[in-house]
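Visitor: The whole structure should be built from the sequences, with the hints applied where relevant.
Chains V and Z are the protein sequences, given in the same order. Numbering follows the working numbering, in which position 10 of the first sequence is assigned residue number 10; successive positions increment by one, without gaps. Numbering follows the working numbering, in which position 106 of the second sequence is assigned residue number 265; successive positions increment by one, without gaps.
Please keep in mind that the hints were generated in silico from the structure rather than gathered at the bench. For clarity, every value in this text was computed on a predicted model and none was experimentally measured. Glycine included, C-beta positions come from ideal geometry on N, C-alpha and C. It is possible that part of the hints are untrue.
[As the list claims (entries may be wrong)] Quick partial rundown of chain V residues pointing at chain Z, CB under 10 Å, derived from the structure:
(1) THR32
(2) SER37
(3) ILE39
(4) PRO48
(5) LEU49
(6) LEU63
(7) GLY76
(8) ASP101
(9) CYS128
[Stated by the list, open to error] Residues from chain V that face chain Z, not an exhaustive set, calculated with beta carbons under 8 Å:
(10) ILE50
(11) LEU52
(12) ALA55
(13) VAL60
(14) ALA67
(15) LEU79
(16) ARG98
(17) GLY127
(18) PHE130
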Amino acid sequence: MKLLHNDYLHLAVRLLIGGLFLYAGLPKILDTMGFASSIYNYKLFPSPLIGLTAAFIPWVEVLAGLALVLGVKVRGASLLISLLFVVFIALAAISAIRGLDVDCGCFSGVERKANWLAIFEDLALLGCSFFIFYFDRLRVSPIALIKKRNNPDKKEALQ
Amino acid sequence: MVDIQKAAPKSSSKSPKNQTHIVFSWSQTIRDCLWIVALAILLGGALNYTLLLDAIDGKLIAGIQQKQLTDLRQKAEQLYPGISFIDLVSAKKLYDDKIATFLDARTAPEYQREHIAGAISLPIRALVLGDIELDKVLPSKEALLITYCDGGECDIGLELAKELSERGYNNIFVLGEGYPGWENAGYPMERSEPQP
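Guide: Written out as structure tokens, the structure reads:
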């Protein structure tokens, strides 16, 4: 249990999930139609919902990922990311049950099918996201380091 | 900002005087979520307003299908330069004249659910695994063949055309719009009867 409270483990998981969402979201922002095309392939959503999802979800991914990397609004960002994972898992499960052979649209340029393997991977990442949410520790983050530099009296507290 | 508050002084001598710890607050967490979502809506809405307008007008699906078809053609040009595409109208003319044989590259259950009327099921996976005796299904190497699948979103119609081309069939076209395009045009389809 002591390991779960380790600052550097928390930092590593935060950077992993934050970096992953930046990596996933930025290409979708640059190719919104490509992402809309991936959503369309699920054959689940009407046109307006495809448009809304393609326009906003990549920005949520990038902003939440950036928040985790920088260590700001960590609980809010990790909660949003957890919710996104729940949606991804539900979509992949529906596609797997329906027997659809579709790309999940998770990462641009990386072929990753919406199948049971993707569901297990997303469940593991959801666990990481929940870990960040539950054991929120900000002692090691760029923001904390700036605070430490500006306020040397709190050096001990931020270490 | 994340809740970093000064902790109440503890009796333990190990506790630093100014120690910071994070106090959980649902209201603050929800506010942080809303802050991120609001910024995402602002940025996403500003940069994608034409896409959003198309989505509301119902033009987005047609745009996506067109993009998928263009991507498929580009992929074919890069990977399989010998394979040609055929448009819906030309394919229908060949269909009406009974000149072309239509080949469905999807799985057998998908074919049974619905397919272009008169098309032959030739699942690419089964063909590659050697489960289909091609000489019996398509005895003539000179036959005019048109392969298809689910439209621009899938590439197995293209892969089937490539596979057949490599096996000596030299008169093959790909119907990029697939069966959804054929169906939307009101051309003849065959569907399995729904189970009682």
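Visitor: Confirm or reject each hint.
Guide: Verification of the supplied hints:
With a cut of 10 Å, the hint placing THR32 (chain V) at the interface with chain Z holds, because the nearest CB-to-CB distance is about 6 Å. Taking 10 Å as the C-beta cut-off, the interface hint given for SER37 (chain V) holds, the closest approach to chain Z being about 5 Å. A least Cβ separation of about 9 Å between ILE39 (chain V) and chain Z falls short of the 10 Å threshold, and the interface hint therefore holds. The restraint placing PRO48 (chain V) at the interface with chain Z holds, with a minimum CB-CB distance near 5 Å, inside the 10 Å limit.
At its closest, the beta carbon of LEU49 (chain V) sits 8 Å from a beta carbon of chain Z; the interface hint therefore holds under the 10 Å criterion. Contact between LEU63 (chain V) and chain Z, as hinted, is supported at the beta carbon level, the nearest pair being about 5 Å apart and thus within 10 Å. Taking 10 Å as the C-beta cut-off, the interface hint given for GLY76 (chain V) holds, the closest approach to chain Z being about 2 Å. The criterion of a C-beta within 10 Å of any C-beta in chain Z is met by ASP101 (chain V), whose closest approach is roughly 8 Å, and the hint holds.
Violation of the interface hint for CYS128 (chain V) is found here, the shortest Cβ-Cβ separation to chain Z being roughly 18 Å, above the 10 Å cut-off. Among the interface hints, the one on ILE50 (chain V) holds; its C-beta lies about 6 Å from the nearest C-beta in chain Z, closer than the 8 Å criterion. Satisfaction of the interface hint for LEU52 (chain V) is found here, the shortest Cβ-Cβ separation to chain Z being roughly 7 Å, below the 8 Å cut-off. Annotation: interface hint on ALA55 (chain V) holds; nearest CB of chain Z at approximately 4 Å, less than 8 Å.
About 4 Å separates the beta-carbon of VAL60 (chain V) from the nearest beta-carbon of chain Z, less than 8 Å, and the hint is met. At about 7 Å, the closest approach between the beta carbon of ALA67 (chain V) and any beta carbon in chain Z falls short of 8 Å, and the interface hint on this residue holds. Hint on LEU79 (chain V) holds. Least Cβ distance to chain Z is approximately 6 Å, under the 8 Å limit. The interface hint given for ARG98 (chain V) is broken, as the beta carbon of that residue sits about 11 Å from the closest beta carbon of chain Z, more than 8 Å.
At its closest, the beta carbon of GLY127 (chain V) sits 19 Å from a beta carbon of chain Z; the interface hint therefore is violated under the 8 Å criterion. Hint on PHE130 (chain V) is violated. Least Cβ distance to chain Z is approximately 13 Å, over the 8 Å limit.
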